[in-house]
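Read off the chains here:
There are 2 protein chains.
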Amino acid sequence: MATKNGGFVALLLLLSFLLSSPLPARCDAPLPVNVWPKPTSMSWAEPHMAVRVSSSFHVVAPSGNAHLLSAARRYAALLLAERYRPLVTPAVNVTAGGAGAGAGAAGRGAELGYLTLAVSDLHAPLQHGVDESYALEILPAGAAATVTAATAWGAMRGLETFSQLAWWCGRERAVLVAAGVRIEDRPLYPHRGLMLDTGRTYFPVADILRTIDAMAANKMNVFHWHITDSQSFPLELPSEPALAEKGSYGDGMRYTVDDLVSCAGEFWLPDASDWPSRLAAEPGAGQLNPLEPKTYQVMSNVINDVTSLFPDGFYHAGADEVTPGCWNADPSIQRYLARGGTLSRLLEKFVGAAHPLIVSRNRTAVYWEDVLLDQAVNVTASAIPPETTILQTWNNGGNNTRLIVRAGYRAIVSSASFYYLDCGHGDFAGNDSAYDDPRSDYGTSGGSWCGPYKTWQRVYDYDVAGGLTAEEARLVVGGEVAMWTEQVDAAVLDGRVWPRASAMAEALWSGNRDATGRKRYAEATDRLTDWRHRMVGRGVRAEPIQPLWCRNRPGMCNLVR
Amino acid sequence: MATKNGGFVALLLLLSFLLSSPLPARCDAPLPVNVWPKPTSMSWAEPHMAVRVSSSFHVVAPSGNAHLLSAARRYAALLLAERYRPLVTPAVNVTAGGAGAGAGAAGRGAELGYLTLAVSDLHAPLQHGVDESYALEILPAGAAATVTAATAWGAMRGLETFSQLAWWCGRERAVLVAAGVRIEDRPLYPHRGLMLDTGRTYFPVADILRTIDAMAANKMNVFHWHITDSQSFPLELPSEPALAEKGSYGDGMRYTVDDLVSCAGEFWLPDASDWPSRLAAEPGAGQLNPLEPKTYQVMSNVINDVTSLFPDGFYHAGADEVTPGCWNADPSIQRYLARGGTLSRLLEKFVGAAHPLIVSRNRTAVYWEDVLLDQAVNVTASAIPPETTILQTWNNGGNNTRLIVRAGYRAIVSSASFYYLDCGHGDFAGNDSAYDDPRSDYGTSGGSWCGPYKTWQRVYDYDVAGGLTAEEARLVVGGEVAMWTEQVDAAVLDGRVWPRASAMAEALWSGNRDATGRKRYAEATDRLTDWRHRMVGRGVRAEPIQPLWCRNRPGMCNLVR
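These protein sequence lines are chains P and A, in that order.
Mapping to UniProt numbering: the first sequence position 6 is 6, numbers consecutive.
Mapping to UniProt numbering: the second sequence position 439 is 439, numbers consecutive.
One thing to keep in mind: the hints can contain errors.
Stated by the list, open to error - Here are the simulated EDC-like cross-link-like pairs (lysine to aspartate or glutamate), alpha carbons at most 20 angstroms apart as the crow flies:
#	chain 1	residue 1	chain 2	residue 2
1	P	K519	A	D437
2	P	K38	P	D213
3	P	K519	A	E472
I should point out that these hints are in silico values taken from the structure, not numbers from a laboratory.
Could you build the full structure based on these sequences and the hints that come with them?
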């Protein structure tokens, strides 16, 4: 790059060279830079460049939104602290340069000093359907870096993406971030959730928060907290303290704030050979009795307290697996049935009281699909008007999704055969002679009602709106992977949830197909290995999906090359 | 206990009361005291008593065996530091008293100050078949506590049992240990192992050590280290440094000490629809070529180095899944076959060279069953004399065990359908369209060749000598659960191994049947929940087997009450 011009011009040229023409530096770079979920559109100018992140790097956020300011600080800290070392470390020519913090030491090039956030509607509230789109631009040579978004929530999505464009360069002992990058990104579905069951098993708050942090990193936006179930009631409610006092697993196993029941305390399966006579779908029998007046008193208190504790727009009112055997065993209900009542009308009595209460608190009620679709016990549409109701699927794959949307309801898809994360580890019931069998068990369920285990590919490939017309598909608001916890606690939580939840996260954010419309699971494999590696570095004990051997040998671990 | 005798006698009696009649104290006690594996015989005098463990508690061991002295210190420290809080904490009358450290403060009773080890043969070496039996006695009121054993290794088993008789009593702020206990214990099988595959995935040494510690707590006695495989060779060998230099996953992924191969680097499955034409059983092709002279040079160096590094009596020489397609694709082998050679004779050439080398180093060679039983490629018995050979099973359940013992070989049982811990999480191969299927996957394998996942009950109920005559059964030396690691690394290791390995540990230590000869899996459930809880407290992130709800309600979570 030497020049024969006069001294002054030479100096100018030299300065401009130092300031704007990136200096060559050899360093490791992830190939390609991996953002998970894959953005809707992304380009990285060739030849690939990176810029060093200044040790004083910060995020410039508009003031007025405390969450956004907090996120700005959090991500600036992450940028500098993470020191992510990619699995694949080929040496490539990565040019370094940059602006925003002034020139660095001679020969080192300039650095990226800050990222600017530009938000149109700073006060748009966080609710279902909020605009989460963003654009991210890091100019070549790092002259500037900007996230532009309609809302603070979109800006946070952009911050997460920005954090995934950075990595630690050991040779330079610096954080580098890709430069010459342009991203436009927006989710396909507004509801992208994880359901965690803290009724079967208590999870310390720290584990829940770590899970929520991991969800945010995956651009998931709904934490469906299945707080209570028949086994435990860990939620302290001001108006019903006895629920947690008597129902939690113990003093240290509650979530503070802070006569009723049929077949309570009964053995769940009186006759193992007669499944229809069961009192519950699994050990832990007991269903609210809709004939008991006190049921409604407690229900009302619970709804009031919970809607005060949680400002979210959706209230999940359950209603899955109403077991006829339990109600049929209750004397008061037997008398009701003898008078001409039906179990369906009994459920409708309950739902018919719960639903208006929920709506009066300005919430949309979410029920499991059973409330409408169960063969034996279901309610009429009048009890659950579509305008104020969303149904969550779990059974019969896309067929039930179709039934739901054709009935005019919005759907959250959690089909067990794809999205139930607990499947495949047998069943927790004891004294089960089925396992005492010297024959091969290949091809059997291994005890799990919804087995086999759903691999990340199974989760990834699922089309939540598969088989629907375009009009029907409009009612599918998204999906949730479900972590039922009969056999899961904090010791193993991360590995059961991640990275399989990441697979759904991408499918619902930017889809599971490439630009030609073909499923892109093959191409997603190495990206998910990289993303899983990154999550582990961030403290999430996610399960690996392939031996490391595969990551260094593209295609060699495929079934079909 | 008041008496009308004279003052002096009264004083004596009072003193004796204080010193020898335990004072009543209410405290939590695990019900019943849980030792896993369940001892061969154990009695706890009624009413159940416990004695406080002195803060100066120590283990008195004979000098002369450094391992035993180390264990004595380790367990004494564990007794005082563990502070195990049982899951089930009913308040029961547990009397406290004791001796060995003098009387404690008035009203607190005496304490247990030490445990004595008595060993007949202090210098018996640790090897296959060594005597691991022991007797443990803690006298009522803790007057004395003794472990008596034939060898130091049996004494260590007794120390572990002793540690499991202790728990933390919050109310007393003290460690208590059951008193009035008598145990006699010995293993059914001499070989009770875990195989860990560090060829597919590297595991940091700390994770391996933690695993070995957990094995010791479960009285398992064989760590089968599957150190290398086609994907990586992480073992640094002085005579063949290039193996780890080129074969490990990286500098930080080796186990220090500190032109050869067919189809190396080839894609493993040229035609996904033609399984017989595969070059390997899974991604990562390459088999040693027995026609290459250098193969024997390297093999010899490896055997010499490894037997120098590891003093154990068994040397595992592999020989599973020899893939015909790989050798058939090798030009030198094609020429050999054209001259009338066979793949079996080719394998026999290799094994015929390896076996004598192993024997010359005073080792017993262990091979996978395939070396004898594979349909396509196998050796004659002359290459693997039963006197110096043990075969490890993995296929076809008890049928192959029977074939092996009937051929006169000792067997280590690892039948995949029972003991393979990796089964049930799909397959790691990428670009697999089988997962892209909108239909239910219930009742399918979910991609795992050996699925479903083997539950602890499945592992527990397996009889490694099932279907054999008493004479045949004598050749079954034990079993190993196998942790293949294509999809497992340190982040999820503990949950995949434990507590399922514990299930095998008990079945092979004291069996899986009760005194009447019936399988005792139902009774084992709560005990395993307790043991798993204890292992978690000791730092092992074992998977839970039932919701906590079950532990407080005996029988309520059974399939059949």
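Hint check results:
1. Of the supplied pair hints, the one linking K519 of chain P and D437 of chain A holds, its CA atoms being roughly 11 angstroms apart against a limit of 20 angstroms.
2. Our distance criterion of 20 angstroms between C-alpha atoms is met by K38 of chain P and D213 of chain P, whose separation comes to about 19 angstroms.
3. Simply put, K519 of chain P and E472 of chain A have alpha-carbon atoms about 54 angstroms apart, too far for the 20 angstroms limit, and the pair is violated.
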